[in-house]
Amino acid sequence: MMVAEQTELFEKSNDKELIKDVKHFFNRYFMRLVLKSGRSLASLQSPKYDGMPKAPGVSEDRDGKLVEAADCQEVIECTLEAFQNMTSVSTLIVWRSLVKHDLDVQIAHDVGYRHSQYSDRKKAAMIEFNYAFAGRLQKRGLHNKHFDFDEYLYRPKSDF
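Using the numbering used here, the letters of the sequence shown correspond one by one to residues 1 to 160.
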């Protein structure tokens, strides 16, 4: 009887770094990117369309602000697409723990995991997000090894 070896999708030695990158992205950048993109967290959860046209605000550097918002919007879209490409349990865990900051005890209860199971599942969910997000960024030509988005948040003002 032959025993088939299971191939590892994720490299164990790199897991801690990947998890650190995901936490860093959500703790440091995600909300600022959402706000700078011109959206709100509520609009990401349940988009609403009222059909009414909106007039753009008056601004001295309107073009620069539009470009900056578009850059941020692109990263937010990659984030949302990454969530769509993940398993539903992983999406729920990452969204509720890192975006909404719900308590792990409550999330574990809601998904039906004991504490030790949940801890392992949360790590796996963050690794899954890392790969899904990196893939979405790469598909759009945005290569970013450690999810460092300072250039989208602190771009120096250009002279026109």
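Simulated from the structure, these hints should not be mistaken for lab results.
Warning: the hint list may mix true and false statements.
[As the list claims (entries may be wrong)] Listed next, the in silico EDC-like pairs over lysine to aspartate or glutamate satisfying Cα-Cα at most 16 Å (straight line):
1. K20 <-> E74
2. K36 <-> D104
3. K139 <-> D102
4. K139 <-> E17
5. K36 <-> D120
6. K23 <-> D102
7. K16 <-> D120
8. K20 <-> D120
9. K36 <-> D150
10. K123 <-> D71
11. K20 <-> D110
12. K139 <-> D71
13. K139 <-> E81
14. K23 <-> D110
15. K123 <-> D104
16. K139 <-> D15
The hints, checked one at a time:
no., hint, verdict
1, K20 <-> E74, "violated, 22 Å"
2, K36 <-> D104, "violated, 28 Å"
3, K139 <-> D102, "violated, 31 Å"
4, K139 <-> E17, "violated, 22 Å"
5, K36 <-> D120, "violated, 33 Å"
6, K23 <-> D102, "holds, 14 Å"
7, K16 <-> D120, "holds, 12 Å"
8, K20 <-> D120, "holds, 15 Å"
9, K36 <-> D150, "holds, 12 Å"
10, K123 <-> D71, "violated, 29 Å"
11, K20 <-> D110, "violated, 25 Å"
12, K139 <-> D71, "holds, 15 Å"
13, K139 <-> E81, "holds, 11 Å"
14, K23 <-> D110, "violated, 21 Å"
15, K123 <-> D104, "holds, 12 Å"
16, K139 <-> D15, "violated, 22 Å"
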